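*Asks:* Construct the complete structure from the given sequences, taking the supplied hints into account.
Here is what each chain is made of, one letter per residue.
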Amino acid sequence: MVWWDVPAVLWSRRTWLAVAGLLAGAVLWLVPVVLVSAMVGVGELVGAEHPVPGLGGSPEVGGAVGAVAPLAVALPVLLALTFRFTLWHEARLRLLGADLAPPAARPTGMPRRRWLARQAVSSATWRQVRYHALGGAFLALAGALVLAGAVFGPGFVVAAALSGKGSLLHRSPIAALGVAMAVAAGWLARGAGALDLALARRLLQPPPAELLARRVASLSASRVAAVEAADAERRRIERDLHDGTQQRLVSLAMNLGMTRAALAGADPAVRAAVAAAHDEAKQALAELRDLIRGLHPAVLDELGLDAALSGIAARSPVPVRLVVDLRRRPPAAIEAVAYFVVSEALSNVAKHAAATRADVVVREQTDGLTLAVDDDGRGGADPVRGTGLRGLRQRVESVDGTLSIASPAGGPTSILVTLPCG
Amino acid sequence: MRVVLAEDSVLLRDGLSRLFASRDCPVVAAVGDADALLRAVGEHRPDLLVADVRMPPGYADEGLRAAIQVRRQWPEVGVLVLSQYVEERYATKLLTGETSRLGYLLKDRVADVDDFVAAARRIAGGGTVFDPEVVSQLLVRRTDPLDRLTPREHDVLALMAEGRSNAGIAGALVVSESAVAKHVNSIFAKLGLTPADSDHRRVLAVLRFLGG
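Protein chains in written order, with this note's numbering: chain A, 1 to 422; chain B, 1 to 212.
It is worth saying that the hints were derived from the structure and are not from the lab. Since the model is a prediction, treat every value here as computed from it, not as a measurement. There could be a bad hint or two in this list.
Restricting the straight-line Cα-Cα distance to at most 20 Å, the calculated cross-link-like pairs of lysine to any residue (SDA-like) are [claimed, not checked]:
| no. | chain 1 | residue 1 | chain 2 | residue 2 |
| --- | --- | --- | --- | --- |
| 1 | B | K93 | B | G192 |
| 2 | B | K190 | A | R321 |
| 3 | B | K182 | B | A158 |
| 4 | A | K351 | A | D382 |
| 5 | B | K190 | B | D155 |
| 6 | B | K93 | A | D301 |
| 7 | B | K182 | B | R148 |
| 8 | B | K93 | A | E302 |
| 9 | B | K93 | B | A60 |
| 10 | A | K351 | A | I405 |
| 11 | B | K190 | A | V323 |
| 12 | B | K93 | A | G304 |
| 13 | B | K93 | A | A307 |
*Replies:* Following this line, the structure appears as structure tokens:
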């Protein structure tokens with residue numbers, strides 16, 4: 001780069017963008033300031049001419065009251081608009097290539113009014129007010145200086161060149177000043193742009209802890225959505241099987257049963273074949289029923305946890321005593337997790353524990369429910385080794401529940417699960 | 001035996017119609033929703049109503065509720081409720097009141113056609129048929145009613161489980177036979193067993209004693 005390249009490089013696209021950004025920022029700041037000043041000015045004039053009765057009636061008092069009155073209206077409005085102005089500033093800075101985190105969105109389901117009320121008292125809002133007060137004044141000042149340099153600098157050069165007065169030597173300092181102003185305006189624009197961005201990062205961007213909290217909130221929301229989507233999908237498959245395949249299979253098994261009965265006097269080979277088909281159809285029906293139960297039992301949706309659990313307990317080969325003490329129905333996702341925990345735990349008891357009995361107790365707590373499955377088996381259940389127990393823990397944790405297992409070798413085993421119903 | 005069928009799956013309805021027809025049980029009406037069920041039963045007064053629990057329009061327990069209404073309105077009609085799953089709460093709803101001419105079976109049981117038709121005939125003839133799965137669910141009821149029995153009632157139940165008659169129990173406990181009968185009734189009440197079929201209740205009470 002040689003020296004005469006300086007203006008070209010300095011007044012590159014980046015500089016023009018910086019100037020545009022400064023000017024846009026200045027306008028964003030000036031508009032409310034000018035509006036409020038105008039209101040205050042007009043209010044003061046009107047107040048001075050119409051003295052307030054009972055306050056002595058002097059023009060000074062009337063003017064002061066007139067000036068404060070619009071301010072009292074304008075300030076809350078401005079405060080309410082702070083969020084909107086911040087969005088505009090952030091959009092402006094993003095156009096300039098700044099990578100700002102998007103503003104926190106209103107959580108789905110929260111009423112607009114409550115969201116605004118919460119925003120008004122949040123630390124983020126006060127940071128924004130600081131940005132608009134400090135950064136706005138700075139932007140207006142820097143914008144004015146840059147504009148002056150960019151307009152008057154070349155103006156001086158042109159004036160010096162065109163002016164017939166004085167010698168060239170006499171006029172050249174003015175031209176030199178013009179060039180210097182134009183160049184300086186470029187530096188200033190870039191510097192001010194960088195400072196603007198730094199201010200925005202410092203004041204508009206939430207601190208890392210808040211960004212992290214926001215991220216956690218959005219991750220938990222998407223996890224809840226994923227869990228709900230999986231549950232909905234299970235329900236859909238269950239319904240399809242229930243209304244379609246299962247009915248068809250029942251009908252098939254019944255028809256085969258009728259055929260089998262009608263073939264009493266037929267060839268033994270034919271009878272055997274039909275009997276085998278009938279048995280297999282019944283077997284398929286039983287397997288399909290188990291499959292549907294594992295997916296999402298209809299009884300859980302229709303009659304709730306209590307009914308669904310008494311079904312599992314009744315089918316358990318190990319005798320189960322069941323206590324379900326719930327005054328109201330938990331959310332569907334929690335019901336589903338509780339159902340699968342008991343189902344899986346009882347099948348573990350039947351498979352591995354060599355127990356003679358099991359107790360299942362579900363109780364309501366202030367902020368959720370607890371679920372205990374105890375058996376008198378040989379113990380030694382290890383969540384690190386068994387995929388079943390690990391799966392259980394994952395399901396419980398998918399809804400922010402906790403699972404603890406006490407299972408010393410020699411027994412007994414007890415599983416305690418807490419599930420939130422928030 | 002004249003039968004009214006209420007089942008919303010056309011496939012199953014046709015299959016059941018053929019099954020009953022082939023066993024000399026004319027199906028006088030085969031309908032697909034709960035309102036039509038009530039109309040058909042009112043019109044034909046069959047010996048047996050076979051009703052699905054889940055039915056249009058809500059696909060909840062419309063069929064079950066219609067069946068209960070049939071029992072109230074036309075007690076001479078036998079009612080067999082079929083369900084995709086058996087649930088003690090449905091059974092309990094059905095069991096309030098008279099328990100004769102009543103059945104509640106898992107839908108899958110129709111595959112064993114002979115057993116199924118035999119059960120249907122038993123119900124129409126005044127009997128009670130409950131799916132084994134319902135009975136086992138009744139045995140794991142959440143709060144253990146056995147805890148509510150007095151020590152003396154506990155002794156009576158224990159002797160009942162040994163297969164003794166009221167007279168035998170009275171002899172063993174050295175009390176009068178009427179006192180034993182009083183204890184037995186109290187046991188039935190505490191275990192929530194309805195007074196319809198006393199032999200059945202005795203077995204259920206004992207089963208519960210052994211299971212608990």
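*Asks:* Look at each hint and say if it fits the structure.
*Replies:* Cross-check of the supplied hints:
| no. | hint | result |
| --- | --- | --- |
| 1 | K93/B x G192/B | holds, 13 Å |
| 2 | K190/B x R321/A | holds, 18 Å |
| 3 | K182/B x A158/B | holds, 16 Å |
| 4 | K351/A x D382/A | holds, 14 Å |
| 5 | K190/B x D155/B | holds, 15 Å |
| 6 | K93/B x D301/A | holds, 18 Å |
| 7 | K182/B x R148/B | holds, 16 Å |
| 8 | K93/B x E302/A | holds, 15 Å |
| 9 | K93/B x A60/B | holds, 14 Å |
| 10 | K351/A x I405/A | holds, 17 Å |
| 11 | K190/B x V323/A | holds, 17 Å |
| 12 | K93/B x G304/A | holds, 16 Å |
| 13 | K93/B x A307/A | holds, 13 Å |
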